[in-house]
Each structure stands twice: as structure tokens, then as C-alpha cells.
Amino acid sequence: MELADRAVGFLLSFISLSIFTYYTFWVIILPFVDSDHFIHQYFLPQEYAILMPVFAGVVLLCFLCIFIGFVTLKSKKKKA
Amino acid sequence: MILRIAEQFIIANSMKHVVKILTLVVAITAFWIGLLQTSVVPCSHTWLLPIYFIVSLGCYGLLMVGIGLICFPTCPQEALLLQQDIKEAKEYLKRNKIDVGSD
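As you go down the protein sequences, you meet chains B and E in turn.
Taking this note's numbering, I'd label the letters of the first sequence as residues 1 to 80.
Taking this note's numbering, I'd label the letters of the second sequence as residues 1 to 103.
Each statement offered as a hint is correct.
Distance windows between CB atoms, simulated: (1) B:K74 - E:R4: 21 to 31 Å; (2) B:A56 - E:P73: 29 to 39 Å; (3) E:R95 - B:L11: 39 to 49 Å; (4) E:A30 - B:P31: 25 to 35 Å.
To be clear, the hints were calculated from the coordinates, so they are not data collected in a lab.
Here the structure is a predicted model, which means the values were calculated and not measured.
The beta-carbon is built from N, C-alpha and C at its ideal position, and this holds for glycine as well.
Construct the entire structure; sequences and hints are all you get.
Structure below.
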């Protein structure tokens, strides 16, 4: 049991660290690199650096609202 | 009636909490706009830096959760003692003819 917990914890920290390094590279380091460096082909164009977190935040908000509405409806149906 | 008073207390306290959080958000926005006006921050990064900080804050939260999961203490001796306690309690209740349920 604790091995599964550790695996999930390790996966979570790995995902968070990779997202952090990729995003830091994208936003902070890439503008200072010459535009014909080969590293630019591994990163999407810079507009996506704003769109993607905003999109993810909007999706999360929608999911939260749907979940809250679902739970409220289910509890109301059970009471009635 | 006590339940109603407790409900009002909880609602009032969560309202105070929401007001506190909103004031914090307004203060940070004012600070950011101030920094923009005095050109400490370049104007092309108006939206980029706050989003970067929010993303890094989320990453930090995830990292703390992951690290907490990895270093979670399991106390195997306490687990054994707990199982023994549960067994004793079940036998005692069964002896007194109370339905224990999960057998």
C-alpha cells in the first residue's frame, strides 16, 4: 500500500517539476536566445505560453462548476 | 436553535474570509499596475509574468503534495495495535448481541 502511495507521490512531483522547468524555459529563457537556434523547434510559439494556462484554468473552473451542480442536484433529488 | 446560531457564525466567518482574500487580490493587482506604470516591468510582459507566477505557485503546491505523499509515515506497529483493538471491540459487541455488520 505505501509503495502505491510513494509511486503516486513521485509521479506528481515529477509532473510538477517538469511543467515548471518547461514553462520557465519557455517564458524566461527563450526570449533571450537567438531566433535561429535549434532549441526553438522544441517549444511552441510564445502566444501559446499565455493561452495554455488560461485555457487550463477555464477548463478547471468549468469542471468545478459542473461537479458542484451535479452534487447539488443529486442531494436535492435524494431529499425529494 | 444552537444549530442556527452556529450556521450564522460559519457564514459570517466565511464572508470575512472572502473579503480578506478579495482585498489581497485587489492589493496585488494595484501593486502590479503600479510597477507597470513606472516601467520597472517591460510592457510586453504585462500578462506573461502574473500567469507565470500563478503557474509556478500551482506547481509548488503539487510538488508539496507529492513530497508529502512520498514521506508519509505509516506506523506499522500502530496499525497492528489498531487491528487488535478492532478485533477485541467486535468480540465484545458480538458477546452482547449487538450487530457488528461487516462479518
